[in-house]
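Peer 1: Just so we're aligned, residue 1 is where the sequence shown starts under the numbering used here, counting upward by one.
These are computed hints drawn from the structure, not numbers from a lab. Keep in mind that the hints are not guaranteed to be accurate.
[Said to hold, decoys possible] DSS-like, lysine-lysine: derived pairs with alpha carbons at most 30 Å apart:
| hint | residue 1 | residue 2 |
| --- | --- | --- |
| 1 | Lys436 | Lys518 |
| 2 | Lys436 | Lys48 |
| 3 | Lys195 | Lys218 |
| 4 | Lys222 | Lys195 |
| 5 | Lys323 | Lys431 |
| 6 | Lys436 | Lys461 |
| 7 | Lys323 | Lys360 |
Being a predicted model, the structure only gives us computed values, none of them experimental.
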Amino acid sequence: MISTQLIIYCINPRCNSPINPIGDSVCATCQTPLVHRYLWATGSLSAKISPGTRVAQRYEVISPQIWLDTQPGLSPDVPEELSTQVISYLRLYQERLHLPQAYGFASNFEEDTTDILLLENVPIDERGNIYPTIVEAWEQATAVRQVYWLWQILQLWTPLSELGLSRSLLVVDNLRVQGWCVRLLELYQTPADEKLSLRNLGECWQFWVASAKASVAKGLQKIVQLMCDEVELETINIQLNNLLLASAAELPLVLKVAGSTDIGPIMAQNEDACYPNALSDLDEPLLQHLSIVCDGIGGHEGGEVASKLAVESVKLQIRALLKEVTEQTVLVPPELLQEQLEASLRVVNNLICARNNQQKRQGRERMATTIVMAVQVPQRVQTSTGWQSNNTHELYLANVGDSRAYWITRNYCQLLTVDDDVATREVRYAKSLYRKALLRADASALTQALGTRDSESLRLKVQRLIIEEDGILLLCSDGLSDNNWVEQSWQDYAIPVLTGELTVEDAVGNWIDLANEKNGRDNTSVVLTYCRVSPEYLVPVTPALPEEIIEAKIQEEEEQPEQEEEEELISFTESSQTLLDLDLDLDLTEEPVMSFELPPTLITKPNRGKRLVMLGGVLALLVGGTSLGLFAWLQVNPQGFQQMCRQLPQKVQQLCPARK
Numbered sequence: 001m002i003s004t005q006l007i008i009y010c011i012n013p014r015c016n017s018p019i020n021p022i023g024d025s026v027c028a029t030c031q032t033p034l035v036h037r038y039l040w041a042t043g044s045l046s047a048k049i050s051p052g053t054r055v056a057q058r059y060e061v062i063s064p065q066i067w068l069d070t071q072p073g074l075s076p077d078v079p080e081e082l083s084t085q086v087i088s089y090l091r092l093y094q095e096r097l098h099l100p101q102a103y104g105f106a107s108n109f110e111e112d113t114t115d116i117l118l119l120e121n122v123p124i125d126e127r128g129n130i131y132p133t134i135v136e137a138w139e140q141a142t143a144v145r146q147v148y149w150l151w152q153i154l155q156l157w158t159p160l161s162e163l164g165l166s167r168s169l170l171v172v173d174n175l176r177v178q179g180w181c182v183r184l185l186e187l188y189q190t191p192a193d194e195k196l197s198l199r200n201l202g203e204c205w206q207f208w209v210a211s212a213k214a215s216v217a218k219g220l221q222k223i224v225q226l227m228c229d230e231v232e233l234e235t236i237n238i239q240l241n242n243l244l245l246a247s248a249a250e251l252p253l254v255l256k257v258a259g260s261t262d263i264g265p266i267m268a269q270n271e272d273a274c275y276p277n278a279l280s281d282l283d284e285p286l287l288q289h290l291s292i293v294c295d296g297i298g299g300h301e302g303g304e305v306a307s308k309l310a311v312e313s314v315k316l317q318i319r320a321l322l323k324e325v326t327e328q329t330v331l332v333p334p335e336l337l338q339e340q341l342e343a344s345l346r347v348v349n350n351l352i353c354a355r356n357n358q359q360k361r362q363g364r365e366r367m368a369t370t371i372v373m374a375v376q377v378p379q380r381v382q383t384s385t386g387w388q389s390n391n392t393h394e395l396y397l398a399n400v401g402d403s404r405a406y407w408i409t410r411n412y413c414q415l416l417t418v419d420d421d422v423a424t425r426e427v428r429y430a431k432s433l434y435r436k437a438l439l440r441a442d443a444s445a446l447t448q449a450l451g452t453r454d455s456e457s458l459r460l461k462v463q464r465l466i467i468e469e470d471g472i473l474l475l476c477s478d479g480l481s482d483n484n485w486v487e488q489s490w491q492d493y494a495i496p497v498l499t500g501e502l503t504v505e506d507a508v509g510n511w512i513d514l515a516n517e518k519n520g521r522d523n524t525s526v527v528l529t530y531c532r533v534s535p536e537y538l539v540p541v542t543p544a545l546p547e548e549i550i551e552a553k554i555q556e557e558e559e560q561p562e563q564e565e566e567e568e569l570i571s572f573t574e575s576s577q578t579l580l581d582l583d584l585d586l587d588l589t590e591e592p593v594m595s596f597e598l599p600p601t602l603i604t605k606p607n608r609g610k611r612l613v614m615l616g617g618v619l620a621l622l623v624g625g626t627s628l629g630l631f632a633w634l635q636v637n638p639q640g641f642q643q644m645c646r647q648l649p650q651k652v653q654q655l656c657p658a659r660k
């Protein structure tokens with residue numbers, strides 16, 4: 001039917017008068033923020049429904065195939081048995097940054113009895129406007145963004161191909177872009193009689209590459225030729241990644257980081273921990289490249305111990321990683337860095353798990369912590385125009401639990417992480433659509449955290465992003481993110497930082513104040529990293545140290561390791577001291593016994609491979625973290641590595657008596 005009044009309902013079930021005009025930001029009666037959830041209606045039938053029509057008494061057709069759910073507080077209709085089409089969306093939930101998700105079904109009985117699949121998390125802005133296609137945005141994009149879009153598509157090729165959905169990447173109108181991020185409107189099943197390969201993708205790219213920016217056009221043409229020649233995907237990935245990092249390094253990069261944690265108005269103790277915080281050394285080189293938020297579980301002498309231990313352990317490991325990366329003359333591939341960060345989290349998990357075993361904690365008494373962390377890896381690279389840059393603009397992101405990361409610019413706010421909770425698990429296992437899973441009483445219960453079980457049970461994913469626009473990386477605990485307060489407040493709290501009206505430190509404080517007001521039942525931790533690649537320095541804060549000084553300080557740490565460790569002891573909390581008390585009586589004066597050599601295919605220039613010398617064995621595990629040497633050991637002696645991990649809890653118990 002054709003609607004005569006554009007209305008939307010408040011999601012507050014206790015609201016006495018929930019009807020509001022579409023476009024209002026808050027309910028006129030109860031002041032609850034109104035949710036404008038725009039959906040994509042799939043199929044040819046939906047394309048025939050005229051704008052202005054109301055479908056199933058709740059969906060307002062805004063424009064062809066773009067529908068607004070005017071009753072977002074109600075659960076959408078979902079069949080008992082899910083079709084293969086829907087299951088494909090659920091299986092790919094971990095890729096929700098780029099892919100839509102099944103929302104529910106609607107029947108338009110006036111036109112047809114066929115149910116229409118509705119998708120959420122689609123490339124549509126908060127006003128109902130669809131984002132442009134790559135074709136529409138291509139000529140205005142920078143060189144690095146053009147390469148970045150193609151790199152993202154190539155990363156999606158394997159997971160989509162495994163489910164028979166690779167055709168989704170070949171439909172030009174299906175590929176939309178929200179700033180840096182490639183997002184798909186829907187998924188298309190590849191017909192059984194149609195075999196698609198990288199050749200098809202390369203042919204699709206040829207039209208874009210022909211009008212690519214001059215600095216990357218030749219490199220992209222070579223890559224497309226490799227695809228058309230059906231060269232192995234690994235080789236193509238390496239070539240495209242090298243071009244991406246070389247083009248990104250043309251941009252300047254200044255990072256400003258600030259963080260804080262707050263007990264909140266109700267809680268008796270603060271189980272959160274973050275880095276940096278108010279006590280962090282502002283001159284520490286690590287400050288520019290690492291941010292962490294942990295939300296502890298287990299109460300006093302439990303959650304707070306786990307979160308602080310995790311923060312201090314990660315700091316030690318990332319310091320060792322960055323030290324090794326700065327010594328390299330070739331690019332360390334992203335797969336190796338992602339494995340390094342995954343292993344670092346497994347080390348943290350086992351340290352906390354060992355403390356639980358030592359104290360004989362069982363069930364809900366076991367302490368644990370969530371974590372979200374971001375590492376900006378400053379690799380050296382020769383840029384597309386031929387000069388040497390000190391930073392490839394790589395940002396690695398990892399999370400366990402429900403602490404979150406967001407990327408915010410002047411135009412949008414993007415949730416980068418996926419929560420490890422029951423609702424998400426139900427979707428990943430293709431048991432339920434997300435909106436239905438949220439109705440479970442245990443929907444928000446965590447399915448994994450650091451320290452609850454052995455590290456082999458952890459399911460980890462480390463993302464790699466490229467910083468190629470001005471923006472703010474927000475890490476926070478659920479004290480802020482609960483009830484979608486980040487999504488509802490980002491324009492008021494982040495844009496003033498990007499426009500130079502507010503410092504990063506003040507923005508952190510303002511967001512914590514908001515969390516205490518709106519979600520005051522919990523602790524809150526917030527860490528902001530302002531990333532600037534534009535030439536102008538807008539924000540009135542103390543500038544970050546030049547990269548040359550940062551590198552000099554890292555080198556100074558290499559020359560004075562004992563002094564650095566002694567200074568850390570002064571600032572460590574009692575609960576974190578355990579990590580530094582581990583002493584395996586190793587002779588630190590001996591030459592390292594482990595080494596790792598990059599494969600020839602990963603070297604960016606011929607005959608310039610350099611042996612990557614590592615910290616060995618248990619020292620890498622407990623002090624230097626899981627440095628790249630740990631991966632060398634894991635590859636050549638997996639049995640020895642597994643035996644060491646099994647012995648770690650007993651070793652910790654011997655060396656770290658329980659605190660009385």
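Peer 1: Give a verdict on every hint.
Peer 2: Now the hints, each set against the structure:
The hinted pair formed by Lys436 and Lys518 meets the criterion: a straight-line CA distance of about 25 Å does not exceed 30 Å. Our distance criterion of 30 Å between C-alpha atoms is met by Lys436 and Lys48, whose separation comes to about 28 Å. Restraint check for Lys195 and Lys218: the C-alpha separation of about 29 Å stays at or below 30 Å, so the hint holds. A hinted pair counts as satisfied when its Cα atoms are at most 30 Å apart, and Lys222 with Lys195 qualifies at roughly 24 Å.
Between Lys323 and Lys431, the direct Cα distance comes to roughly 45 Å. Violation of the 30 Å bound is thereby established for this hinted pair. Distance hint between Lys436 and Lys461 is fulfilled; the C-alpha atoms sit about 25 Å from each other, no more than 30 Å. Distance hint between Lys323 and Lys360 is unfulfilled; the C-alpha atoms sit about 37 Å from each other, more than 30 Å.
When held up to the earlier numbered hints, the structure conflicts with 5, 7 and fits the remainder.
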